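Chains A and B, in that order, give the protein sequences.
Letter by letter, the first sequence follows residues 6 to 569 in my numbering.
Letter by letter, the second sequence follows residues 2 to 178 in my numbering.
Treat the hints loosely; a few may be bogus.
Stated by the list, open to error - Calculated cross-link-like contacts (lysine to any residue; reagent style SDA-like; alpha-carbon spacing at most 20 Å):
#, chain 1, residue 1, chain 2, residue 2
1, B, K19, A, L337
2, A, K560, A, K266
3, B, K109, A, L337
4, A, K536, B, Q15
5, B, K148, A, V565
6, A, K266, B, G44
7, A, K560, B, S23
8, A, K266, B, I26
9, A, K21, B, P6
10, A, K21, A, L170
Hints are computed from structural coordinates only; laboratory data are not their basis.
The structure displayed is predicted, hence computed values, not measured ones.
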Amino acid sequence: MSKTTEFRICPTTGLKVDLDAEKLIKANAVVAIIFLAIGGLFGLLVALTRWPAVHFLPADWFYLALTAHGFDVLLVWIIFFEMAVLYFASAVLLGSRLAAPRWAWTGFALMLIGAVVTNIVVLQGQSSVMFTSYVPMKAEPGFYLGIILFAVGALIGCFVFFGTLVVARQERTYEGSVPLVTFGAVTAAIIAVFTIASGAIILIPTLLWSVGLVSHIDPLVYKTIWWAMGHSSQQINVSAHVAVWYAIAAMVLGARPISEKVSRMAFLMYILFLQLASAHHMLVEPGFSSEWKIFNTSYAMYLAVLGSMIHGMTVPGSIEAAQRARGLTKGLFEWLRKAPWGNPAFAGMFMSLVFFGFIGGISGVVMGTEQINLIMHNTLYVPGHFHGTVVAGTTLAFMAITYLLVPLIFRRELMFRKLATWQPYLFGIGVAGISVFMMGAGTLGVSRRHWDMTFADAQLPFDYPSAAFLMMGLNGIFAILAALGGILFIVIVVGSVFFGRKLGVDEKPSYPELPPAAHAVAEHGSAESLKIPGTAMLVGIFFVAFVLYYFVNWKYLSEVWPLS
Amino acid sequence: MAITPPSERIWWKQPIAKIELSWIIIAFTWGLVMFFMMIYWHGAGEQNLSNEAYKISPERFAERSQAMIDEYTVREENYFPVVHPPAGSDVYLIARLWQWWPILELEKDETYRLHLSSLDWMHGFSLQPVNINVQVHPGYEMVVTVKPDKAGEYGIVCNEYCGIGHHMMVGKIYVVE
């Protein structure tokens, strides 16, 4: 390194912050939020078009908007934000210098160029191929090129992250093992490398095919490998947002993991098994055996689901233990009732946890069951499911931690506090509604990625049941709620980042309320005496809901035409 | 805390709380139940895919379909041939931009080997209102053995995006007593 690394000491947490890392976190987070705004706007246009009474966009614009929506929010917003999370979880949490800031900026630039290129190409209108771009449908070469550049940039970011871990270890910036949140970020980064490799394997030949250098891409091979990228990239999100849950529980409530061993094992399950999920998309395709489908779709006997179910208990459990240690011990739920619901970081995090489990998680497992997939594949049930995981889960969690990043990393006082208190509820409930009503419409057979559910222009008529139209109307209404929540978020964050009062060097932010670091719950007592009855009740409710919903869908399946 | 290194250096030797361990056992067991449920359904359930599939060129598939259409067309509807193949036979359904071709007429409680393939891009066979959904690829022929168990008129929606006419791609199957 030619120049010496500069640090500052955070007055709230006492962490040593590399200023290069801080700048990179800011840049990645700001760009992420800009793309959230763009992609979110496209999403609103899509929802308004699918609202039968509104039917806002013409067909070509609808398919264009849907392509842009998928790319901008599912990939660009989330991966940019994840880069911020990676730099935070390595350099900041370990008190280390960032390994190679210049490389990190190169990665950032590549990601930005790639994202802009693909957006421009999509807006030109000749590449409305959906985010998945299934061959033999062809997009302009720039569409694939932009995604490849973006992925290479992200890969560089992952290696800067790994490099920083090595630097921190060698320079002994911390004692013992890395923090749990960093461990979660390692999980996300390992999965990211796998994801990007899969993407390169399939998108580079596809790019060559689109410029005419390769004559044929097999659609089945394309789809299988594409989803090794497409689905695994969602597992980066899961790992990252679970790490964010732990981080917020620690920062807002001083919560300490119930057991480091169990939580880390659960992350390890993700690394080992989550990548099998490409199979979720191949359950009703020609050319696969049932043995392959069953093993892969279940992540080898549901071991990755086990990981999520463990986090689903240990995160609220650690919060309950921390709250009880503070004296909130009455009944089953005093700890939860008296939780800081007015703190948007906590409120967003806890809703993310609940919605991810109950809506996104359960529906994902049910839909990923080999035979049950027959009654859900490519219906609106699918986007219903993944808006439960990626939006109500990941996006809500990332929004929640942004409320901590603004005062702690951007060093600005948060503006519009009253609105900030309401924002997670507005967005969370809006997205939960979107998910549930799309799943409802899917159960009634409504197709995803479809401009006109009335089939007005079709040669042969067909009518979906009227309940499906009601579902899509409700979906539109909740999409408006979610959009309002999204706009609020952007106004609050962008406003604060650019116009909020600058915090002094040693000034602690007054909002959101954060306990001093020393306030952390030191001990939960010995393992035998751990008392978290409220969490036990919550996971009990979750389990019953899961089992009932699972078997209800087998019942639905048993009523359709016999197939073999 | 989760944002600091574990307070016990040897964290992997800390005992696991009973309540956590119980949840892990319950969740793991539930995973096994769900895993074996899929296998069980292959034996006991009536809705399974045989996974019978072949590589086939679009021309060859169109030829075979046309042979069936030539032999068993019983009437015409909206310029679509309505085909009534014999019970138990091999029936072909073409997916192409933006039609399901032809209209099939099947008999209730009879078994048919339904061959599905696309002549161009990927399509999605979505039989409504029963809500059976199968992916249709170009170059691959999938064979699904179906046994319609209720008479009536069924729609086939395309549920894989296939370009600007995607939302007009509707087909039909009649099931007659």
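Hint-by-hint comparison with the structure:
Simply put, B/K19 and A/L337 have alpha-carbon atoms about 18 Å apart, close enough for the 20 Å limit, and the pair holds. For the suggested pair A/K560 and A/K266, the alpha carbons sit about 39 Å apart, so the restraint of at most 20 Å is broken. A C-alpha spacing of about 56 Å is found between B/K109 and A/L337, which places the hinted pair above 20 Å, so the restraint is violated. Between A/K536 and B/Q15, the direct Cα distance comes to roughly 17 Å. Compliance with the 20 Å bound is thereby established for this hinted pair.
Annotation: proposed proximity of B/K148 to A/V565 holds, straight-line Cα distance about 10 Å (limit 20 Å). Between A/K266 and B/G44 the CA atoms are separated by roughly 40 Å; this puts the pair beyond 20 Å, and the hint is violated. Taking the CA atoms of A/K560 and B/S23, the gap is near 29 Å; set against the 20 Å cutoff, the hint is violated. At most 20 Å may separate the alpha-carbon atoms for a hinted pair to count; A/K266 and B/I26 meet this at roughly 16 Å.
With a C-alpha separation of about 14 Å, the suggested pair A/K21 and B/P6 falls inside the 20 Å cut-off, and the hint holds. Proximity of A/K21 to A/L170 is assessed by CA-CA distance (about 15 Å); at most 20 Å being required, the pair is judged to hold.
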